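Fit chain U to the supplied structure of chain E, relying on the hints for placement.
Chain residues, written in single-letter form:
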Amino acid sequence: MRDTAVAGLAPVRDVLSNGARVIVQETSFSPSVTISASFRAGGLYEPAGLPGLAWFLGRVIDRGTADRSAGQIAETLDESGVALKVSVNRHTLALSCTCLSEDFETILAVMADVARRPAFPEAEIEKRRAEIITSIRQDDDNPAVCAHEALQRLLYGGEHPYGRPGKGTIAGAEAVTRDALRAFHAGRFAPAALSLAIVGDVPPARALACAGDVLGDWDAPAPPERAVPPVPHPSARQCVVVPMREKPQSDIAYGFVTIARLDPSYYACWMLNNILGQFGIGGRLAENIRERQGMAYYAFSAFDPSVGPGPLVVRAGVDPRNVDRAVAAIDYEVAVLADGGPTDQEVEETRQFLVGSIPRLLETNQSIAAFLQTSEFFGLGPDYDRRLPGLIEAVTREDIEAAGRAILEPSRAAVAVAGPVPAEP
Amino acid sequence: MIPMAVSDAPSAPAVRAVSLDNGLRVLVKEVHAAPLVSVWCWYRVGSGDEPPGLTGVSHWVEHMNFKGTVNISRDQMKGIVEKFGGTWNGYTWIDQTTYLETAAPSALDQMLFIEAERMTNGLYEPEECESERTVIISELQGGDNDPDQLLDTEVTATAFRAHPYRHPTIGWVDDLRAMGRDDLYGHYRRHYVPASATLVIVGDVDADDVLRTVDRRFGRIPAGTSPVRRRAPEPPQVGERRVLIERDGTTAYLKFAWHAPAASGADFFPMLVLDAALTGAKGVNLWSSFRGMPPQRKARVYTALVERGLASMVSGALIPTAEPFLYSLSLTATEGVSLASLEAAAVAAIEEVRARGLTEAEVARAKRQLRARLVFETDSVTNIAHQLGYFATVAGDGYFERITAGVEAVTPEQVADVARRRLARDQRTTGWFQPLERGA
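If you read the protein sequences in the order shown, they are chains E and U. Quick note on the working numbering: the first sequence kicks off at 692 and runs consecutively. Quick note on the working numbering: the second sequence kicks off at 563 and runs consecutively.
In short, the hints are calculated from the structure, not lab data. The model shown is predicted, which means the values in this text are computed figures rather than measured ones. Worth double-checking, as some hints may not be accurate.
[Claimed, not checked] Derived SDA-like pairs: lysine to any residue, alpha-carbon spacing no greater than 20 Å straight-line:
id, chain 1, residue 1, chain 2, residue 2
1, U, K629, U, E692
2, U, K645, E, I1049
3, U, K645, E, Q1036
Bound-form chain U, shown alone:
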């Protein structure tokens, strides 16, 4: 048995990239390992593109795009892919909105039909918009049931002063109560144009067949104009910011956030290696890699806090984004440990890395972990298609293929440098969730 080199991973070569005359970018990759095909349609619009007063509109629009089109009634929409045993879904985040179907290859034309309808023919019936308002508020309230998520929302809003990354993707509840059908439809028509979209098809298909079908389904959609992205720049942070939530609860949570580089920034790969050394490598697949625990038992923050009994859980998150977002470090205090002592120990561990950097062995381990995780997170047509579309949307063509080499090239000096510069106290936002005894 000769171990397969990572460069031979199914995600690496042979992506057909084509732009239709109307500007729609199309990426096709044949993968014949299973009788499945995955279609993802990506739009370059997310909560970072929302004006004040309309926070959450991108996500609400995503919900409306499952509520029927001119040629597919709402009732039909959910049966089309299921007939082929397929699954469908969608998500919205700060830079992107995306829709997916994974099903048998015989469903491909129907999947492309759905996506073409979604791009042009959404109904936005007023009563459906109203009904969805309370569904989304329920989604928001469900999230707020989780103290860690509540803290995350508050820390993010505190870490940003001006940049629209500051508000949660789901929106502020008052905006969700105030906006209406015309706001939703206007946002939809502005952003759902071929020039703002990337269509990705990966699976047990013939690329030439796929491109012909894509042309038939999408070729006649008018080009439209891709909106220019105008986001307020974030002013430099000049001192530590803090937020304290005191509410009913049982468990104390601590969260740090620092300003992170964009995916295309020079610091991104060194930061990815730094995060892997601090909290264990997750990978870079937002769809599948941030569930479950990473390999982290030898990671710096884990050994400093979990192995010393101060935290029951640590996790770090560096997610690739179009513009500088946040690197966050989340800690759950072990029962009986105060947030003050947990924070002191966590800061000491971070300051140690800032002062002395990491050992060569730590950097090598972090890189090896990332190399493995990059393989694990492209183990299916659904995951490969996600990664191609995600990076085309947030970082441009060819970026995805460069990640493995980019990680490999990182040096211990670069890691020490980003730790020193980016994890400084005056660049930090610190959040506490301090539980109050129920009924107190």
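Chain E extracted, bound-state conformation:
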């Protein structure tokens, strides 16, 4: 297994006759298995008027099926020490968990049943609805979430699937009905929309046989694809303040719309973001805002390209009196990197870091499953971990400089601040 790890991943990929894709990577570092079942059923596919429907479905999908009550599912999961997690983003809804190898068949069978035949009992819908509304209310009191959501709205507009909050709104959660959940499930959950990753201490033949047993007889038409709505490209700077009176700290979210994941400039943009707000403790941004000015515990940037053009978001949490100074520091670093590009040393350090960090990206079964799901989603190929170093090595300083000029422009930035600051940022 040592040689396998050094050489990279060697996943076994199979497409069942009904179109379900199954990807298996055997590992030996823990007697456990991570299972991830990802469906193209994220927020993008929600019908008009029901924002947060995908999120809601994720909260209730595992609370009873045609064959198993909510209590029976809970019993099986709890007896195995398994916490089933449902993650919903713009494009996908994924069920995932880690179980002991000896429980693999049992847990995969429950997950397949949950994905295929959820019953959406009314009592469960009402309990989960109250939890979702509480959770949205908690977010309304969280400056980090408020700043981030306000920025998404500025960048994409509140109706765009990339611009509205994943949990939706309280009104949306109140409007969800059992019929809406059933219709969304029937329209989006099908073998052709599924990518199942199985990573851990299980031989591929056993994993594939088990997947075939629980999914092979699933017959449902492939859901139609839906295009990402056009993304506005603002020509002017936009600012918004979310007042939160008693909070001790203000949160800043500052960003731009960038590129889609499959854009040829992806690797240059990735390296650009690493230099701007990731390398070390948070790139040039943290060097300025945290290390030199001592203004913030965190200052970093995150780059999140997707099927459509995703955002590059700068985040910092600062004393409310320092908001203007911090935004000025972000503007400065963004403009300097856009104008002058990175130094040769920064390019070399970032290249070494990103290439060298690939084994660490594959340190656990969970992280391998996430890597394989991303590769599958974007069609990057089963050998992507081995091709990745070459793709990073091929990026030049000039490529990164050009990416910076294309993306980083303070006069077109969107800026959201949440906290006790009455002034404009």
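For chain U alone, kept in the frame of chain E given last:
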């Protein structure tokens, strides 16, 4: 396929334990599953070792130990491990301060160099200390943005009268404003000695090579004297304590805290099983196991409160510590549910367990969950190294290896007994965060 027995988990056998002449404890374990090595350097100093007026000094010292040494400038410090694709970090808590790097095995010598420099040669330049003061106050204020964390700080400070576990690891803000460079440097020199440290190396390495490199990097560091730990004992609690926070907010939070056994206490494993039965098993890895939700849908407190619509979230926390800390139960009130009714239902659920204990099936499920979680939380070289160093620091050699068997040996009678004794009302601190409408 023969299921692997849990005793064959990668964390179980073959840890090389060596003490250098200067007292540095070294633990090495070969794990060849991935081309990675994780180095953790642990110091037996945390916020529970701070005198009044210097709360937060251990954590601030941790920050300063990323700000350059005699032989590694601040700018270089962050590039060394990155060149090898590595990650680095550190944390401070009530009993310990620790630093880690995980990177390619070719980086091992550089990682050990950083840790040896950190042990002896920190710069503590006055202007860097000043700049870090406001970074840490920003960290504190960011935490106080979260009402649940604010409540946690207040409940902990209320549950302890004398023991230094009462103050938050980050410190009280007035102490952070008052202390200076000499306080930081004095604390650093007192505690950063080989005799107070444990160095852990786990990964794709040869143990003999590692020990030779460790000796070369650390062997000549003077032994120093490990400070004697003198913590004020906590007097027995004689009645329930309560704290009420009323502030702007949207959501009500309820928190209970009871005095917990130390990791090495006889009650610890029964309490761990009790917590698993009440709120779902998390495990015992402070680095990775307390994120995300545990398996808890059949757990007592979950079924009593979440399934009845009173709470939207419940979580329990029993964290292994050197001296008796707290067992806490945190609840988020569902929108529209009053804290009084939530508290009444939670207390009824706890009193039911105190009066009648748990069923054999509940205890068996809790133990099975813990067995699985102990496997999940040692799934990487980083996590294995954390666990070895953590338990060597808070509970001594060999404890980590005994956890699985310790959990397995717990009986329903022991669980009922710790519930009865330890979750009594007069041992409880109850905290409310009552939100006020914004602008009221």
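How the hints compare with the structure:
1. Note on U:K629 and U:E692: the hinted pairing holds, with a Cα-Cα distance of about 12 Å set against a maximum of 20 Å.
2. Note on U:K645 and E:I1049: the hinted pairing holds, with a Cα-Cα distance of about 12 Å set against a maximum of 20 Å.
3. For the proposed pair U:K645 and E:Q1036, the alpha carbon gap of about 11 Å is at most 20 Å, so the pair holds.
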